[in-house]
Amino acid sequence: MNLGVEKALNRASALCDEECDGDAERVLLEALEKHPKNLDLRTMLGKVQSRLHREEEAEITLRRVLEENPLHEDASCALGRLLDQSLRSDEAEQVYRELLKESPGSHCAMDDFCRLVLAEGRSLEALDIARRHADRFPNHIEAYDGLRYILVVIEDELSEGYISDSISDETLERLVVNLLEQYEVILKMENNVGSFSALPETISCDLESEYLRIVGELEHLSEIISNRGVNLPSLLANQLSASVKEGSSRRERI
Numbered sequence: 021m022n023l024g025v026e027k028a029l030n031r032a033s034a035l036c037d038e039e040c041d042g043d044a045e046r047v048l049l050e051a052l053e054k055h056p057k058n059l060d061l062r063t064m065l066g067k068v069q070s071r072l073h074r075e076e077e078a079e080i081t082l083r084r085v086l087e088e089n090p091l092h093e094d095a096s097c098a099l100g101r102l103l104d105q106s107l108r109s110d111e112a113e114q115v116y117r118e119l120l121k122e123s124p125g126s127h128c129a130m131d132d133f134c135r136l137v138l139a140e141g142r143s144l145e146a147l148d149i150a151r152r153h154a155d156r157f158p159n160h161i162e163a164y165d166g167l168r169y170i171l172v173v174i175e176d177e178l179s180e181g182y183i184s185d186s187i188s189d190e191t192l193e194r195l196v197v198n199l200l201e202q203y204e205v206i207l208k209m210e211n212n213v214g215s216f217s218a219l220p221e222t223i224s225c226d227l228e229s230e231y232l233r234i235v236g237e238l239e240h241l242s243e244i245i246s247n248r249g250v251n252l253p254s255l256l257a258n259q260l261s262a263s264v265k266e267g268s269s270r271r272e273r274i
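The numbering used here runs 20 ahead of the 1-based position in the sequence shown.
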């Protein structure tokens with residue numbers, strides 16, 4: 021990437037972090053005077069225009085980028101989010117599907133697409149899409165983002181009766197299944213991507229923290245199930261027991 025372009029993108033991003041969107045736009049427009057055909061600059065401009073609540077202008081900017089490069093991942097994701105936020109979810113879904121058809125390894129687009137499908141109330145479809153993506157790209161840590169997000173959202177929905185102890189035995193069982201899948205996803209990531217300690221610190225800390233959270237939830241569920249005398253299917257009960265034992269042992273070593 022041209023150093024001038026990279027500098028402008030970094031500066032604009034930093035200004036957006038500081039919520040100085042107008043200044044970010046000026047930086048990008050100045051850079052575009054020197055590099056008018058640069059698609060990354062134009063994509064970032066579209067994002068900033070959206071942040072400035074100039075949605076129509078942002079859409080035009082992003083669509084023009086995609087006219088020149090239909091597989092521009094960042095522009096596709098930015099346009100998809102813009103359309104989704106504008107309650108044009110059908111159009112957003114089409115944008116994601118078109119990109120993923122030609123570029124199935126676009127993990128950012130897949131994550132956004134899964135979230136959109138989930139928000140539409142199609143949780144089983146979202147789960148199926150996310151699982152197949154993680155299975156297709158097991159060695160890519162980003163490939164698990166959609167699946168992890170969906171499972172946590174479903175966990176939260178199932179846990180609503182937790183505090184008041186009004187949760188049913190059936191929901192308890194579904195919650196066990198959900199948390200065991202989250203547990204297995206974390207282990208699968210570690211087995212395929214590599215040891216958490218070898219990953220960037222922010223990522224490794226996030227994964228270790230999530231692992232410990234899941235283990236704690238499984239322990240809590242195991243205690244509730246025992247106290248209430250809930251009879252889980254034998255295979256599920258064995259999986260729960262083994263995961264709690266393994267997780268507790270690992271926690272002591274951390």
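In short, the hints are calculated from the structure, not lab data.
Please note that a few of the clues may not be correct.
With a cut-off of at most 25 Å between alpha-carbon atoms, the simulated SDA-like pairs for lysine to any residue come out as follows [claimed, not checked]: (1) Lys27 - Phe216; (2) Lys208 - Ser229; (3) Lys208 - Thr222; (4) Lys208 - Asn247; (5) Lys27 - Glu45; (6) Lys27 - Lys54; (7) Lys57 - Arg84; (8) Lys54 - Arg74; (9) Lys121 - Pro158; (10) Lys208 - Ala257; (11) Lys208 - Leu232; (12) Lys208 - Ser188; (13) Lys57 - Gly24; (14) Lys54 - Asp41; (15) Lys121 - Arg135; (16) Lys121 - Asp110; (17) Lys27 - Asp41; (18) Lys208 - Asp189; (19) Lys208 - Arg194; (20) Lys265 - Leu171; (21) Lys121 - Leu147; (22) Lys265 - Phe216; (23) Lys208 - Ser186; (24) Lys265 - Asn247; (25) Lys57 - Arg46; (26) Lys208 - Glu162; (27) Lys121 - Glu175; (28) Lys57 - Ile80; (29) Lys121 - Arg168; (30) Lys121 - Arg151; (31) Lys121 - Arg156; (32) Lys121 - Asp43; (33) Lys208 - Glu175.
Here are the simulated distance ranges between beta carbons [stated by the list, open to error]: (34) Thr191 - Gly125: 35 to 41 Å; (35) Gly125 - Glu87: 20 to 26 Å; (36) Arg83 - Arg156: 24 to 30 Å; (37) Glu76 - Asn258: 54 to 60 Å.
Quick caveat: nothing in here was measured; it's all calculated off a predicted structure.
Ideal placement from N, C-alpha and C gives every residue a C-beta, glycine not left out.
Consistency of the hints with the structure:
In summary, the hint linking Lys27 to Phe216 is not supported, as the alpha carbons are separated by about 32 Å, beyond the 25 Å threshold. Using a Cα cut-off of 25 Å, the hinted pair Lys208 and Ser229 holds, with the two alpha carbons roughly 16 Å apart. Restraint check for Lys208 and Thr222: the C-alpha separation of about 19 Å stays at or below 25 Å, so the hint holds. A C-alpha spacing of about 31 Å is found between Lys208 and Asn247, which places the hinted pair above 25 Å, so the restraint is violated.
Note on Lys27 and Glu45: the hinted pairing holds, with a Cα-Cα distance of about 14 Å set against a maximum of 25 Å. At roughly 13 Å between alpha-carbon atoms, Lys27 and Lys54 fall within 25 Å of each other, so this suggested pair holds. For the hint linking Lys57 to Arg84, the alpha-carbon distance of about 11 Å falls within 25 Å, and the restraint holds. This hinted pair checks out: Lys54 and Arg74 have alpha carbons roughly 24 Å apart, not beyond 25 Å.
Between Lys121 and Pro158 the alpha-carbon distance is near 19 Å, which keeps this suggested pair within the 25 Å criterion. Proximity of Lys208 to Ala257 is assessed by CA-CA distance (about 21 Å); at most 25 Å being required, the pair is judged to hold. For the hint linking Lys208 to Leu232, the alpha-carbon distance of about 15 Å falls within 25 Å, and the restraint holds. This hinted pair does not check out: Lys208 and Ser188 have alpha carbons roughly 30 Å apart, beyond 25 Å.
Taking the CA atoms of Lys57 and Gly24, the gap is about 14 Å. The hint holds against a cut of 25 Å. Annotation: proposed proximity of Lys54 to Asp41 holds, straight-line Cα distance about 21 Å (limit 25 Å). Of the supplied pair hints, the one linking Lys121 and Arg135 holds, its CA atoms being roughly 18 Å apart against a limit of 25 Å. Annotation: proposed proximity of Lys121 to Asp110 holds, straight-line Cα distance about 16 Å (limit 25 Å).
Of the supplied pair hints, the one linking Lys27 and Asp41 holds, its CA atoms being roughly 16 Å apart against a limit of 25 Å. Straight-line distance between C-alpha atoms of Lys208 and Asp189 comes to about 28 Å, which puts the hinted pair past the 25 Å bound. Pair hint Lys208 plus Arg194 holds up; C-alpha atoms about 21 Å apart against a cutoff of 25 Å. Proposed proximity of Lys265 and Leu171 is supported: the alpha carbons are some 22 Å apart, at most 25 Å.
Taking the CA atoms of Lys121 and Leu147, the gap is near 18 Å; set against the 25 Å cutoff, the hint holds. For the given pair, Lys265 sits about 20 Å from Phe216 by alpha-carbon distance, which is consistent with the 25 Å threshold. For the given pair, Lys208 sits about 33 Å from Ser186 by alpha-carbon distance, which is inconsistent with the 25 Å threshold. For the hint linking Lys265 to Asn247, the alpha-carbon distance of about 18 Å falls within 25 Å, and the restraint holds.
Restraint check for Lys57 and Arg46: satisfied, since their Cα atoms lie roughly 17 Å apart, inside the 25 Å limit. Under the criterion of a C-alpha separation no larger than 25 Å, the hint pairing Lys208 with Glu162 is consistent with the structure, at around 13 Å. With a C-alpha separation of about 30 Å, the suggested pairing of Lys121 with Glu175 is violated against the 25 Å cut-off. Our distance criterion of 25 Å between C-alpha atoms is met by Lys57 and Ile80, whose separation comes to about 15 Å.
Our distance criterion of 25 Å between C-alpha atoms is met by Lys121 and Arg168, whose separation comes to about 22 Å. At most 25 Å may separate the alpha-carbon atoms for a hinted pair to count; Lys121 and Arg151 meet this at roughly 17 Å. As the CA atoms of Lys121 and Arg156 are separated by approximately 14 Å, the hinted pair is consistent with the 25 Å bound. The hinted pair formed by Lys121 and Asp43 fails the criterion: a straight-line CA distance of about 36 Å is larger than 25 Å.
At most 25 Å may separate the alpha-carbon atoms for a hinted pair to count; Lys208 and Glu175 meet this at roughly 19 Å. Checking the proposed 35 to 41 Å range against Thr191 and Gly125 shows it holds: the Cβ atoms sit about 36 Å from each other. The hinted range of 20 to 26 Å is satisfied by Gly125 and Glu87, whose Cβ atoms lie roughly 23 Å apart. Remark: the range hint 24 to 30 Å for Arg83 to Arg156 is upheld by a beta-carbon distance near 29 Å.
Take Glu76 and Asn258: their Cβ atoms lie about 57 Å apart, and the range 54 to 60 Å holds.
In summary, the numbered hints that this structure violates are 1, 4, 12, 18, 23, 27, 32.
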